[in-house]
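Protein chains: 2
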Amino acid sequence: MKQGRLIVLSGPSGVGKSTVVAEVMRRRPNLRFSVSVTTRAMRPGEVDGENYYFITRERFDELLARNALLEHAEYVGNCYGTPEQPINEMLSKGIDVLLDIEPCGALQVRERRPDAILIFMAAPSFAELERRLSARGDTPEQVVRERLERASWEYEQAARYDYVVVNDEVAHAAGEVEAILVAEGCRTAFRGEVLQATAAR
Amino acid sequence: MKQGRLIVLSGPSGVGKSTVVAEVMRRRPNLRFSVSVTTRAMRPGEVDGENYYFITRERFDELLARNALLEHAEYVGNCYGTPEQPINEMLSKGIDVLLDIEPCGALQVRERRPDAILIFMAAPSFAELERRLSARGDTPEQVVRERLERASWEYEQAARYDYVVVNDEVAHAAGEVEAILVAEGCRTAFRGEVLQATAAR
Chain F
1 MKQGRLIVLS
11 GPSGVGKSTV
21 VAEVMRRRPN
31 LRFSVSVTTR
41 AMRPGEVDGE
51 NYYFITRERF
61 DELLARNALL
71 EHAEYVGNCY
81 GTPEQPINEM
91 LSKGIDVLLD
101 IEPCGALQVR
111 ERRPDAILIF
121 MAAPSFAELE
131 RRLSARGDTP
141 EQVVRERLER
151 ASWEYEQAAR
161 YDYVVVNDEV
171 AHAAGEVEAI
181 LVAEGCRTAF
191 RGEVLQATAA
201 R
Chain C
202 MKQGRLIVLS
212 GPSGVGKSTV
222 VAEVMRRRPN
232 LRFSVSVTTR
242 AMRPGEVDGE
252 NYYFITRERF
262 DELLARNALL
272 EHAEYVGNCY
282 GTPEQPINEM
292 LSKGIDVLLD
302 IEPCGALQVR
312 ERRPDAILIF
322 MAAPSFAELE
332 RRLSARGDTP
342 EQVVRERLER
352 ASWEYEQAAR
362 YDYVVVNDEV
372 AHAAGEVEAI
382 LVAEGCRTAF
392 RGEVLQATAA
402 R
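These protein sequence lines are chains F and C, in that order.
Each step along the first sequence adds one to the number in the numbering used here, with nothing skipped, and position 98 is 98.
Position in the second sequence (from 1) plus 201 gives the number in the numbering used here.
Simulated from the structure, these hints should not be mistaken for lab results.
Here are the in silico distance ranges between beta carbons for each label pair:
hint, chain 1, residue 1, chain 2, residue 2, range
1, F, ILE95, C, PHE391, 26 to 32 Å
2, C, GLN397, F, MET42, 34 to 40 Å
3, F, THR139, C, PRO315, 44 to 50 Å
4, C, GLU312, F, GLN3, 28 to 34 Å
Footprint (simulated), chain F over chain C, 3 or more residues, beta carbon under 8 Å:
hint, stretch
5, 319 to 332
6, 359 to 369
Cβ coordinates follow ideal geometry from the N, Cα and C atoms, glycine included.
Please work from the sequences and hints to get the whole structure.
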């Protein structure tokens with residue numbers, strides 16, 4: 001049976017990943033979204049098991065000790081991680097799985113699963129990213145500066161990704177992600193079934 | 202300036218390449234079609250410089266001697282080839298160029314231009330290809346058999362292509378080719394301009 005593909009969408013904070021992910025999921029109902037675990041507190045409007053699985057620090061350390069996380073990261077004092085087992089189950093059923101994770105985690109996936117498809121989401125320009133981060137009125141200037149420092153490092157790592165999608169507008173960025181999914185499905189290695197020439201004769 | 206990409210669409214005789222190519226060209230007006238040279242006679246309805254450049258055998262041999270052809274092949278007694286110079290000019294202007302050539306030629310391009318994107322067009326099944334070739338009432342059975350032998354070899358070479366597109370219906374096949382073009386445009390190496398992080402700060 002055909003294996004599913006693991007698709008990682010990543011990029012700096014503020015680039016608008018989650019909005020694009022939501023649009024991609026709407027367009028590709030056969031794609032599954034991998035729900036991460038986190039130790040951070042649930043925010044108003046969030047749903048356990050949908051946005052994240054909200055777990056305790058003890059449970060997180062236990063998953064880590066069992067090597068059950070495909071990737072993990074600590075971010076502003078909270079832990080985030082991707083349980084590997086549910087992903088493997090979906091992939092083995094031929095289902096494509098989408099991960100929306102931080103660039104640190106994306107590079108861990110690159111190491112652990114070289115066949116994963118890594119997509120970096122960039123802003124139209126770094127100045128625009130700066131503008132978007134500053135425009136969030138509720139974020140202290142110090143935090144904005146730190147996120148920009150971090151984004152600068154994350155941009156430097158983009159060469160390790162397979163694709164770069166520019167989030168100029170949601171529909172366009174989602175269209176590019178969709179095209180990548182379709183194109184990757186056309187990869188020669190995934191089309192073995194139609195290439196049976198002699199068997200059919 | 203950003204270089205254009207060289208895209209080669211190939212596949213067995215009878216798979217319906219030219220119909221899909223016409224649909225792709227209609228959808229992507231910025232894409233240019235590379236017109237081949239041939240020594241075969243012009244058929245009713247064909248236009249010189251549009252379907253092919255119709256040239257003499259002497260002129261063909263001259264191009265070959267000058268190493269001016271990106272690929273060439275002899276097929277049922279006629280010579281076909283792709284002049285390289287016009288392609289290089291378009292690529293250097295950042296224009297993507299599409300080639301519709303026989304699999305023998307496609308593999309020559311693979312050797313000479315490792316960065317070319319090779320797409321193999323397959324029928325939904327080999328039995329269906331057989332049906333399509335036989336259904337052309339004007340083709341003698343011997344020719345059908347030879348084309349199937351040839352197609353069988355061509356299918357075996359498909360592993361050397363980057364992508365396989367299945368021509369079940371024109372719109373779907375053209376959509377897959379289009380997705381490949383969009384996805385290849387998102388390749389990290391082609392997105393350097395948006396990844397200038399520090400320069401903009």
